[in-house]
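Chains as they are written, first to last, in the working numbering: chain P, 102 to 376; chain C, 107 to 444; chain X, 161 to 423.
Bear in mind the hints are in silico, worked out from the structure with no lab data behind them.
These numbers were taken from a predicted model, which means no experiment stands behind them.
Check before you lean on any hint, since a few could be wrong.
Said to hold, decoys possible - Below 35 Å or equal to it, Euclidean Cα-Cα: the simulated DSBU-like pairs (lysine-lysine) are:
{"hint": "1", "chain 1": "C", "residue 1": "LYS141", "chain 2": "X", "residue 2": "LYS335"}
{"hint": "2", "chain 1": "X", "residue 1": "LYS258", "chain 2": "C", "residue 2": "LYS122"}
{"hint": "3", "chain 1": "X", "residue 1": "LYS258", "chain 2": "C", "residue 2": "LYS193"}
{"hint": "4", "chain 1": "C", "residue 1": "LYS200", "chain 2": "X", "residue 2": "LYS335"}
{"hint": "5", "chain 1": "X", "residue 1": "LYS258", "chain 2": "C", "residue 2": "LYS200"}
{"hint": "6", "chain 1": "P", "residue 1": "LYS149", "chain 2": "X", "residue 2": "LYS215"}
{"hint": "7", "chain 1": "C", "residue 1": "LYS122", "chain 2": "X", "residue 2": "LYS335"}
{"hint": "8", "chain 1": "C", "residue 1": "LYS193", "chain 2": "X", "residue 2": "LYS335"}
{"hint": "9", "chain 1": "P", "residue 1": "LYS292", "chain 2": "X", "residue 2": "LYS183"}
{"hint": "10", "chain 1": "X", "residue 1": "LYS258", "chain 2": "C", "residue 2": "LYS141"}
{"hint": "11", "chain 1": "X", "residue 1": "LYS183", "chain 2": "P", "residue 2": "LYS361"}
{"hint": "12", "chain 1": "X", "residue 1": "LYS296", "chain 2": "P", "residue 2": "LYS149"}
{"hint": "13", "chain 1": "C", "residue 1": "LYS242", "chain 2": "X", "residue 2": "LYS258"}
{"hint": "14", "chain 1": "P", "residue 1": "LYS292", "chain 2": "X", "residue 2": "LYS296"}
Unchecked claim - Far from chain C, by Cβ distances over 12 Å, these chain X residues were calculated:
{"hint": "15", "residue": "ALA196"}
{"hint": "16", "residue": "LYS215"}
{"hint": "17", "residue": "GLN218"}
{"hint": "18", "residue": "TYR248"}
{"hint": "19", "residue": "ILE306"}
{"hint": "20", "residue": "PRO307"}
{"hint": "21", "residue": "MET346"}
{"hint": "22", "residue": "ALA361"}
{"hint": "23", "residue": "TYR368"}
{"hint": "24", "residue": "GLY386"}
{"hint": "25", "residue": "ILE408"}
Stated by the list, open to error - What follows is a list of derived Cβ distance ranges for each label pair:
{"hint": "26", "chain 1": "X", "residue 1": "MET187", "chain 2": "P", "residue 2": "VAL316", "range": "25 to 35 Å"}
{"hint": "27", "chain 1": "P", "residue 1": "ARG110", "chain 2": "X", "residue 2": "ASN359", "range": "22 to 32 Å"}
{"hint": "28", "chain 1": "P", "residue 1": "ILE232", "chain 2": "X", "residue 2": "ALA364", "range": "19 to 29 Å"}
{"hint": "29", "chain 1": "X", "residue 1": "ALA364", "chain 2": "P", "residue 2": "VAL316", "range": "41 to 51 Å"}
{"hint": "30", "chain 1": "X", "residue 1": "HIS168", "chain 2": "C", "residue 2": "LYS122", "range": "36 to 46 Å"}
{"hint": "31", "chain 1": "C", "residue 1": "GLU238", "chain 2": "X", "residue 2": "ALA421", "range": "34 to 44 Å"}
{"hint": "32", "chain 1": "P", "residue 1": "GLU237", "chain 2": "X", "residue 2": "ALA210", "range": "27 to 37 Å"}
Cβ atoms here follow ideal geometry from the backbone N, Cα and C, with glycine treated the same way.
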Amino acid sequence: MSRVKRFFRTYTPFTRAGMQEMVAYRANFLCFLIGEIMASFIMYFVWKAVFDSSGSETFMGFTMEDMVVYLFITFLAGYLTYSDGAFTVGEEIIDGSIAMRMIRPCSFEMCFLFQELGNRIISVSMIFVPIVAGVEIYRYVQAGEVRFQPIYFLLFLLSLVFAYMISFYFNVCYGFMAFFFKNLWGTTLIKETVVNFLSGAIVPLAFLPAGLANVLNFLPFASLSYTPVMIYMGMYSYSEIAWRMGLQIFWLLVMYGLSKLIWRSAVRHLSVQGG
Amino acid sequence: MEAMIYAENLRKEFKKIIKEPGLKGAAKALFKPNKEIVTAVDDISFEVPAGEILGFIGPNGAGKSTVIKMLTGILTPTSGFCRINGKIPQEDRKNYVREIGVVFGQRTQLWWDLALRETYSVLKEIYQVPEEQFKKRMTFLNEVLELDSFITSPVRTLSLGQRMRADIAAALLHSPKVLFLDEPTIGLDVVVKENIRSAIRKINEEEGTTVILTTHDLADIELLCERIVMIDKGRKVFDGGLSELRHNFGDVRTLRFELVNGPDFKLLDYRRRFKLTDDDVSAERDGSSVTVRFDTAKVSVEEMISYTLSTVHVKDLNIKDVEIEEIIKKLYRREVSL
Amino acid sequence: MMRYIRLHRIFIAQYLKRLMEYKVDFMLGAIGLLIAQGMQLIFLGIIFSAIPALKGWQFEEVLFIYGFSLVPKTIDHLFTDNLWMVGYRIIRKGEFDKYLTRPINTLYHVIAENFCVDAFGELLTCILLLAYSIPKLSIPFHWYTIPLFLIVSIFATLIYTSLKIMTSAISFWTKASGHITHMLYMTNDFGKYPVTIYNKAVQALITYVIPFAFTAYFPATYFLTGKNPLFCLGGTVIAGTVLFLLAIFVWNRGLRAYESAGS
Chain P
102 MSRVKRFFRT YTPFTRAGMQ EMVAYRANFL CFLIGEIMAS FIMYFVWKAV
152 FDSSGSETFM GFTMEDMVVY LFITFLAGYL TYSDGAFTVG EEIIDGSIAM
202 RMIRPCSFEM CFLFQELGNR IISVSMIFVP IVAGVEIYRY VQAGEVRFQP
252 IYFLLFLLSL VFAYMISFYF NVCYGFMAFF FKNLWGTTLI KETVVNFLSG
302 AIVPLAFLPA GLANVLNFLP FASLSYTPVM IYMGMYSYSE IAWRMGLQIF
352 WLLVMYGLSK LIWRSAVRHL SVQGG
Chain C
107 MEAMIYAENL RKEFKKIIKE PGLKGAAKAL FKPNKEIVTA VDDISFEVPA
157 GEILGFIGPN GAGKSTVIKM LTGILTPTSG FCRINGKIPQ EDRKNYVREI
207 GVVFGQRTQL WWDLALRETY SVLKEIYQVP EEQFKKRMTF LNEVLELDSF
257 ITSPVRTLSL GQRMRADIAA ALLHSPKVLF LDEPTIGLDV VVKENIRSAI
307 RKINEEEGTT VILTTHDLAD IELLCERIVM IDKGRKVFDG GLSELRHNFG
357 DVRTLRFELV NGPDFKLLDY RRRFKLTDDD VSAERDGSSV TVRFDTAKVS
407 VEEMISYTLS TVHVKDLNIK DVEIEEIIKK LYRREVSL
Chain X
161 MMRYIRLHRI FIAQYLKRLM EYKVDFMLGA IGLLIAQGMQ LIFLGIIFSA
211 IPALKGWQFE EVLFIYGFSL VPKTIDHLFT DNLWMVGYRI IRKGEFDKYL
261 TRPINTLYHV IAENFCVDAF GELLTCILLL AYSIPKLSIP FHWYTIPLFL
311 IVSIFATLIY TSLKIMTSAI SFWTKASGHI THMLYMTNDF GKYPVTIYNK
361 AVQALITYVI PFAFTAYFPA TYFLTGKNPL FCLGGTVIAG TVLFLLAIFV
411 WNRGLRAYES AGS
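Just chain P, same shape as in the assembly (with noise of 0.2 Å):
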């Protein structure tokens, strides 16, 4: 039991830190925020558009609800599943400010998820409530009917976490590319877009060509939002759910132990480099 209280105790100034540095950069970040969302936005005027056009309720098995309900729900789970990690690690390890991490007597990688943790809490309070509240106000209006659901909305919440445990481990491999690479932009941009594509965000996975979107549907990538999406809007059973959670957990388990991998090797080059 003392262990963890010294964990919690080791690692919550941390998540202190991360709290503080998100209310000193609210206005950035809600600016940042806006123009992300405007994304959604557009998508939404475009699939009105397409729903206009095609004549009938449904697109490939969704009406306008379900898909309102996923692009704002999928730039939700997007944002709160992002993760920093790799960017930071990458310019660290540019500038060699990583060797400061590890003469630190805590772990690396928890001194980042206690640090973001503490952004995500700040950033979750701002966003989080508004965009459910709309979404469901939205669904009320168009359905004249509460569509809520407080089991799936726990179910996707619990998926939420896994996913967000997937990104930060995924990330952080993605960050040791920095050894091998000068400027991140770029392959952080490929990164992004491609992960973006292949977890659903741009296009929903069920609307892709039957064979690609089983494969999708396996990949961890579609662990990250599509998951936890499809469970809030009820598209799963059950006995579904369980399954997708548990390869979500398979995933989770996989990337830890890639991080854990890389990060020793990493160690290695670090102080070949080092000299």
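Starting from the known structure of chain P, fit chains C and X onto it as the hints suggest.
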């Protein structure tokens, strides 16, 4: 003829948002930011004749850099004005900066990823230096600042000393009439410092360049400047020659006695003998010698020597000149009122 | 003027030398942008596989407008990318001092110092889209079509660049404004699609307030239909000019408010 640099009642105010610590403070700042006006430079006037090297000194945060930034046209004064080389920097910036050179020791103006030589070829175009003159100038700067050994290296690989020499050369490429140096020797070792000082001296002597330099290294001042302006908390507290500074602010002398039996402070008690405080006299052991610093306004050199000679066996005696550093330290600590 | 053109050549030459040092990174940047655009096109492809037209717009027409929107965006990205750094870093860290001690226009100097070759990823997408869509569309072609296209592209670029200048200049007062530039810049994606798909409020916003509709949709519809040249092209010219003058004004006011960094 008007002075090369003329500053009248320069004043600069900044708005500062006061942040309170912690989450609560940040939350409070969200609704009601606490603003305060800070006067960084408060009514400073001075002039510098052409060809002079002026030392600009003061403790950290005194407003030195702010003054330099107003003189170079980077900042606009809140009130007051300056005229350099007959031009007001803020009015005709582009023409004005053609005739000045600026070096900020903490920052480089060189192109980071390119070979040093490339920076000069870009600056040549920016300042429109004719090819012929450029070649001559590069030869001269090479000779004074010894750039040859690293001119083909990328700037990011240069040592701090090399980078500083390269930056000074960049500021001099277009043969400016006035050179502003903001802490040109910061972080450098003694040899490089001397190197840079002699380059500054040479350029000043050969080309009559007017130089303003800020520094924390008082050796820079003693070796380069005939005149200093000292500011503190945004106000000018002294303006004059070095000898004047020595004369006005307590003539601190240092005597060094080498003793036969080594110093014995039971015998040698300067404070009790002359009824002085620690500020007016200090004695330090240095091997078999003793070094005494004292204010000649309180005790004469003669009295000091005769007391020491009569108390202990003295082998040798050495009188040092007034150390400017002592005076300035005192001024910084506000022990001398002005 | 000649002097600035000459200077620009030198800046670009220096940039290319730097590029050679970081070849791989820049390649990756360009590939990244190419992929990003490609994903958007897959999205359009999926939509049009299910419907014949989007609010009356044919697939090729939508591609043409999309491709057209990339023309000013690419030019702006290629030449003025350094403005982002003004809002994110240059002013906050006091690096702007350097520009103020040089005898050339500060705005020009900041812009000229960088040249963003990553934009070739967008340029390639743009060329592919136009090359694919134009032959399939019956675009009325006259002797003045190409000169008109070039002129309108310049003014459309000015819309982009001016908005970037203005939002970057905000950092002269606030120290950092990259996030504001980002916020405004993201609205440019509204211009990629036919504006008729938006509701009235959004249409008004992107026509009269942040006139991104004039960077693609309006000029592109003129080239598609030959109708309304006065509004479609004139609007672009006026919006570009007015915004540019405003941007210069804001920038110059900002210079006076610049507070540098440190003491």
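Whether the CB-CB distance between HIS168 of chain X and LYS122 of chain C falls inside 36 to 46 Å: 39 Å, holds
Claimed clearance of chain C by ALA361 of chain X, with the beta carbon kept past 12 Å: At roughly 29 Å from the nearest Cβ of chain C, ALA361 of chain X sits farther out than 12 Å, so the non-interface label holds.
Distance restraint between LYS200 of chain C and LYS335 of chain X, which requires alpha-carbon spacing of 35 Å or less: Given pair LYS200 of chain C, LYS335 of chain X holds - Cα atoms ~24 Å apart, limit 35 Å.
Pairwise hint evaluation, LYS296 of chain X against LYS292 of chain P, where the allowed Cα distance is 35 Å at most: Distance of about 34 Å is within 35 Å: holds.
Given pair status - LYS335 of chain X, LYS122 of chain C, alpha carbons within 35 Å: 12 Å, holds
Given hint LYS335 of chain X paired with LYS193 of chain C - CA-CA distance at most 35 Å: Status holds; Cα separation ~29 Å.
Status of the given 22 to 32 Å range, CB of ASN359 of chain X versus CB of ARG110 of chain P: 53 Å, violated
12 Å Cβ clearance of LYS215 of chain X from chain C: Nearest chain C Cβ is 43 Å from LYS215 of chain X, so the label holds.
Non-interface label on ILE306 of chain X, tested against every C-beta of chain C at 12 Å: At about 33 Å from chain C, ILE306 of chain X clears the 12 Å cut-off, so the statement holds.
Distal placement of TYR368 of chain X relative to chain C, Cβ over 12 Å: 32 Å, holds
VAL316 of chain P and MET187 of chain X - C-beta distance against the hinted 25 to 35 Å: Once the Cβ atoms are compared, 28 Å apart, the range 25 to 35 Å for VAL316 of chain P and MET187 of chain X holds.
Distance restraint between LYS183 of chain X and LYS361 of chain P, which requires alpha-carbon spacing of 35 Å or less: 31 Å, holds
In the structure shown, a violation is registered for the earlier hint numbered 27 alone.
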